[in-house]
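So the sequences go chain by chain: S and R.
Numbering of the first sequence is given in my numbering, commencing with residue 44 and proceeding in unit increments.
Numbering of the second sequence is given in my numbering, commencing with residue 44 and proceeding in unit increments.
Since the hints were made in silico from the structure, they are not lab data.
Treat the hints with care, since some could be wrong.
Identical copies look the same in the list; a pair holds intra-copy or inter-copy alike.
[Claimed, not checked] In silico lysine-lysine, DSS-like type, Cα no more than 27 Å apart, as pairs:
| no. | residue 1 | residue 2 |
| --- | --- | --- |
| 1 | K378 | K321 |
| 2 | K91 | K53 |
| 3 | K228 | K252 |
| 4 | K378 | K93 |
| 5 | K361 | K281 |
| 6 | K252 | K281 |
| 7 | K421 | K60 |
| 8 | K90 | K321 |
| 9 | K316 | K248 |
| 10 | K60 | K90 |
| 11 | K80 | K423 |
| 12 | K93 | K212 |
| 13 | K252 | K80 |
| 14 | K321 | K252 |
| 15 | K356 | K378 |
| 16 | K53 | K316 |
There are 2 protein chains.
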Amino acid sequence: METILSQFNKLKEEFLKDLIEFIAIPTISTNPEYQDKMKEGAQFLVKKIKSLGGQAQIEETGGHPIVYGEFITNPKSPTILIYGHYDVQPPDPMEEWISPPFEGTVRDGKLFARGATDDKGQLWIHLAAIEAFQRANQPLPINLKLILEGEEECGSTHLIPYFQSHKEKLQAHAMIISDTPFLAKGVPTITTGLRGLIYYEIEVKAVDKDLHSGSFGGAVDNPIHGLSRMIASLHDEKGRIHIPHLYDKVRPLSQEEKESLEKLPFSEEEFQKSIGAKQLWGEEGYSILERISTRPSLDVNGIWGGYTGPGAKTVIPKKASAKLSIRLVPDQAPKEIARLLEEHLQSILPSTLELTIKPLETSIYPYSADTSHPYFQKAKEALSQAFHTDQVVFARQGGSIPFVPIVAKTLSIPCMLLGFGLPDEGAHSPNEWLDLENFYGGIETMIRFYSSLGE
Amino acid sequence: METILSQFNKLKEEFLKDLIEFIAIPTISTNPEYQDKMKEGAQFLVKKIKSLGGQAQIEETGGHPIVYGEFITNPKSPTILIYGHYDVQPPDPMEEWISPPFEGTVRDGKLFARGATDDKGQLWIHLAAIEAFQRANQPLPINLKLILEGEEECGSTHLIPYFQSHKEKLQAHAMIISDTPFLAKGVPTITTGLRGLIYYEIEVKAVDKDLHSGSFGGAVDNPIHGLSRMIASLHDEKGRIHIPHLYDKVRPLSQEEKESLEKLPFSEEEFQKSIGAKQLWGEEGYSILERISTRPSLDVNGIWGGYTGPGAKTVIPKKASAKLSIRLVPDQAPKEIARLLEEHLQSILPSTLELTIKPLETSIYPYSADTSHPYFQKAKEALSQAFHTDQVVFARQGGSIPFVPIVAKTLSIPCMLLGFGLPDEGAHSPNEWLDLENFYGGIETMIRFYSSLGE
Numbered sequence: 044m045e046t047i048l049s050q051f052n053k054l055k056e057e058f059l060k061d062l063i064e065f066i067a068i069p070t071i072s073t074n075p076e077y078q079d080k081m082k083e084g085a086q087f088l089v090k091k092i093k094s095l096g097g098q099a100q101i102e103e104t105g106g107h108p109i110v111y112g113e114f115i116t117n118p119k120s121p122t123i124l125i126y127g128h129y130d131v132q133p134p135d136p137m138e139e140w141i142s143p144p145f146e147g148t149v150r151d152g153k154l155f156a157r158g159a160t161d162d163k164g165q166l167w168i169h170l171a172a173i174e175a176f177q178r179a180n181q182p183l184p185i186n187l188k189l190i191l192e193g194e195e196e197c198g199s200t201h202l203i204p205y206f207q208s209h210k211e212k213l214q215a216h217a218m219i220i221s222d223t224p225f226l227a228k229g230v231p232t233i234t235t236g237l238r239g240l241i242y243y244e245i246e247v248k249a250v251d252k253d254l255h256s257g258s259f260g261g262a263v264d265n266p267i268h269g270l271s272r273m274i275a276s277l278h279d280e281k282g283r284i285h286i287p288h289l290y291d292k293v294r295p296l297s298q299e300e301k302e303s304l305e306k307l308p309f310s311e312e313e314f315q316k317s318i319g320a321k322q323l324w325g326e327e328g329y330s331i332l333e334r335i336s337t338r339p340s341l342d343v344n345g346i347w348g349g350y351t352g353p354g355a356k357t358v359i360p361k362k363a364s365a366k367l368s369i370r371l372v373p374d375q376a377p378k379e380i381a382r383l384l385e386e387h388l389q390s391i392l393p394s395t396l397e398l399t400i401k402p403l404e405t406s407i408y409p410y411s412a413d414t415s416h417p418y419f420q421k422a423k424e425a426l427s428q429a430f431h432t433d434q435v436v437f438a439r440q441g442g443s444i445p446f447v448p449i450v451a452k453t454l455s456i457p458c459m460l461l462g463f464g465l466p467d468e469g470a471h472s473p474n475e476w477l478d479l480e481n482f483y484g485g486i487e488t489m490i491r492f493y494s495s496l497g498e
Numbered sequence: 044m045e046t047i048l049s050q051f052n053k054l055k056e057e058f059l060k061d062l063i064e065f066i067a068i069p070t071i072s073t074n075p076e077y078q079d080k081m082k083e084g085a086q087f088l089v090k091k092i093k094s095l096g097g098q099a100q101i102e103e104t105g106g107h108p109i110v111y112g113e114f115i116t117n118p119k120s121p122t123i124l125i126y127g128h129y130d131v132q133p134p135d136p137m138e139e140w141i142s143p144p145f146e147g148t149v150r151d152g153k154l155f156a157r158g159a160t161d162d163k164g165q166l167w168i169h170l171a172a173i174e175a176f177q178r179a180n181q182p183l184p185i186n187l188k189l190i191l192e193g194e195e196e197c198g199s200t201h202l203i204p205y206f207q208s209h210k211e212k213l214q215a216h217a218m219i220i221s222d223t224p225f226l227a228k229g230v231p232t233i234t235t236g237l238r239g240l241i242y243y244e245i246e247v248k249a250v251d252k253d254l255h256s257g258s259f260g261g262a263v264d265n266p267i268h269g270l271s272r273m274i275a276s277l278h279d280e281k282g283r284i285h286i287p288h289l290y291d292k293v294r295p296l297s298q299e300e301k302e303s304l305e306k307l308p309f310s311e312e313e314f315q316k317s318i319g320a321k322q323l324w325g326e327e328g329y330s331i332l333e334r335i336s337t338r339p340s341l342d343v344n345g346i347w348g349g350y351t352g353p354g355a356k357t358v359i360p361k362k363a364s365a366k367l368s369i370r371l372v373p374d375q376a377p378k379e380i381a382r383l384l385e386e387h388l389q390s391i392l393p394s395t396l397e398l399t400i401k402p403l404e405t406s407i408y409p410y411s412a413d414t415s416h417p418y419f420q421k422a423k424e425a426l427s428q429a430f431h432t433d434q435v436v437f438a439r440q441g442g443s444i445p446f447v448p449i450v451a452k453t454l455s456i457p458c459m460l461l462g463f464g465l466p467d468e469g470a471h472s473p474n475e476w477l478d479l480e481n482f483y484g485g486i487e488t489m490i491r492f493y494s495s496l497g498e
């Protein structure tokens, strides 16, 4: 392994140059005008994988293509499936960028560019690790399969069907997803759990048409009032979600998880400061970190009704609407929680109103990894060595990644969320950046991890 | 008077023709492109008043002009100040008009046109009544002052200052405003009270920026939830506004008012049906008619926050906003109720949130007429004779007319809301119409009323 690491050290500049070349292709998946650029990005990856000695092909999906790559060195060796995405968010607002979004620019040890951390930089870590083996004339100690998506920023519409219809081809011993951040700089983090999600649009209707509040005010149950009463009742005074049986299936944290959570380097004070909250809030009896990563949460994500323009309009609107979502944790099943929510909304509906409930998007299962799998320990060691720290942590995250629980179930393999981002890299904002220590540390981690699997 | 009435009967067709000519000028005050048409409308009125033997002039206001007219026949006779407005709402949506909005068209005893009932038709009733006297070669039995506004549909910005700076000139024994509807066809109605209004925009802020509901859900008091809790708490379970001392100054109805209210031809069932409400609602212990005309009411007129576009966005918004208004009844003073509301909102503000309260528009006082004034009785008799019915009613209305309470106070005269519209004439909608029986009945009413004052 020393040969490879020493070769890697010589190649650092080159790897960065290659990444900047990749970043220069504006693969904006949400904008149809960039369809050709998406193709160019996919072809760039195919060419790169082939140049590293792998097989690669573009898989048409009906949307933006998936790039599939393979490095099969020895059928008896372990096989790792790697996920990354080559599409990026639009760069707007353009005027806020200090350097052009598609011209990767290094300042203070950071690479600034759209896609630097989300996810081109993290994807490139894997290609660079493979290249380090190749350039050192060392065979890869394991087999690799790469699935590089072009629709992560626009809903991953075709990813799950692709997984489901290519089970055999994608079979592996574990999957690695590099699209998550460290808990903090210097704290390498393996994300071991994700929350699930259900998302609804609800509408309450009181009357057939907007009414004048002078002529009707006092005789009609304003739907904004009714909706507000319903929303207000969805939490109790202890910050718990007030939907019967919602917590029934929440799996309590193990003693080990609890202890590990308490040891995480997390400051509630800094958390509060970073978002400018007057006061933090939440479920009594749980720390902030527990609340945002291990407990279900309910949020109204949007609300609208009546007159919202400038000035005054004295209207009683005929209806009011809200978008409402619940983050789920193991072992809450989206279908069951959806049923509980729907039944509860009907049960608290004022008799003056009519309710329409519309589920939006596909539900997402919560995910928790079985960290007793030996690969987790090996990854932890690789991170520890590559980042020169004993403080490598396992931590759940509060967000959701739709395909992770499905892949884990479909392929029956552990999914390791081994990401190399940082929390404040502005993934979807102007001046997105990638920490170069994390970029190089990530490559070294993969070299060490693959080597340890081959031993 | 018989001479005049018989003359009037001969002139009916001509009066309608004149009104249609007046209506043909598209005096849309809200659209700057129609500024010339507004001037043309004002000049049309000046010319008409002069042709009837009156004095008339255009009064520049800084906005659209006020037309002031005068018929002073005998300084010893009573003087009536008449209010009407010559501006109209925009006709949109144009495609829904059966006949062109500015080509007055008669179908089934109704004149269809923009402004037919609001307010050109009602304004013309007064000019036609004067003309009936003139054409019968009879002197007007009273003095008349006319104040014809061009900004009623765009906020009446300059009307109140005009009243306040022309107190002497406008001095009269009573004011008549013809811009309100009958309670129902065949039920001539003198509106004896109006509700007042205060209007606020409120904003609650939780954090400095929109947050991802995955990473933060469960640890931040979503401002939509907080705002909903506040709104939900503003009414109690008995439909009363839950703001301390809000009802302290509400003047109870007199026994006479109560009895009169109960006698009004009003069907709660039809009311409910007309608005398509699943169920009516309101303050326990009061009828629907009491609730909408004699009791204060609080309505959120608009609410917004977070993501309101199509599909799902998992955001915890940094803030949420609402427009909120209270209708006031005698003797609630806007300033005092505003103070109670502001103090109460502060007192129920969750400690997690910051509140901004912004008053919108000018407050409006509630109004109630002293119906013991002899003019009310005389107007009632005139209506009874002109409309051939004993069922002439005094009724409060739930809406607000800003200048009425101010004029009543500034000039210290009774304001009679003697309107000739009907509730379903679609004042601001396509195919607005005026009932021609009411048009002619209105003219006859004024002839009879003026005659009785001169006796």
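Checked hints:
Taking identical chains as interchangeable, the C-alpha atoms of K378 and K321 are never at most 27 Å apart, the minima being 35 Å within one chain and 31 Å between chains. For the identical chains of this complex, K91 and K53 are intra-copy neighbours only, at 19 Å inside a copy versus 96 Å across copies, given an alpha-carbon limit of 27 Å. Only between protomers do K228 and K252 lie at most 27 Å apart by alpha-carbon distance; the minimum there is 23 Å, versus 55 Å within a single protomer. In this assembly of identical chains, the alpha carbons of K378 and K93 never lie at most 27 Å apart, being 43 Å within a copy and 77 Å across copies at closest.
With identical chains, the CA atoms of K361 and K281 are at most 27 Å apart between copies only, with a shortest distance of 22 Å across copies and 33 Å within one. Proximity of K252 to K281 under the C-alpha cut-off of 27 Å is restricted to the inter-copy arrangement: shortest distance 25 Å between copies versus 38 Å within a copy. Taking identical chains as interchangeable, the C-alpha atoms of K421 and K60 are never at most 27 Å apart, the minima being 30 Å within one chain and 95 Å between chains. Taking CA atoms no more than 27 Å apart as the test, K90 paired with K321 passes in neither setting, with 52 Å inside one copy and 65 Å between copies.
Proximity of K316 to K248 under the C-alpha cut-off of 27 Å is restricted to the inter-copy arrangement: shortest distance 15 Å between copies versus 40 Å within a copy. Within a single copy, K60 and K90 get their C-alpha atoms as close as 16 Å, which meets the 27 Å cut-off; across copies the closest is 83 Å, which misses it. In this homomeric assembly, K80 and K423 never come within 27 Å of each other (Cα to Cα): the closest approach is 37 Å inside a single copy and 79 Å across copies. In this assembly of identical chains, the alpha carbons of K93 and K212 lie at most 27 Å apart only when taken from the same copy (18 Å versus 94 Å across copies).
Proximity of K252 and K80 under a CA criterion of 27 Å is satisfied in neither setting, with 48 Å inside one chain copy and 32 Å between copies. In this assembly of identical chains, K321 and K252 lie within 27 Å of each other by CA distance solely across copies; the values are 13 Å between and 39 Å within a copy. In the homo-oligomer, the alpha carbons of K356 and K378 lie at most 27 Å apart only across protomers (20 Å), although the nearest pairing inside one protomer, at 41 Å, exceeds that limit. In the homo-oligomer, the alpha carbons of K53 and K316 never lie at most 27 Å apart, since the shortest distance is 41 Å inside one protomer and 82 Å across protomers.
Violated hints, listed in ascending order, are 1, 4, 7, 8, 11, 13 and 16; each of the other numbered hints is respected by the structure.
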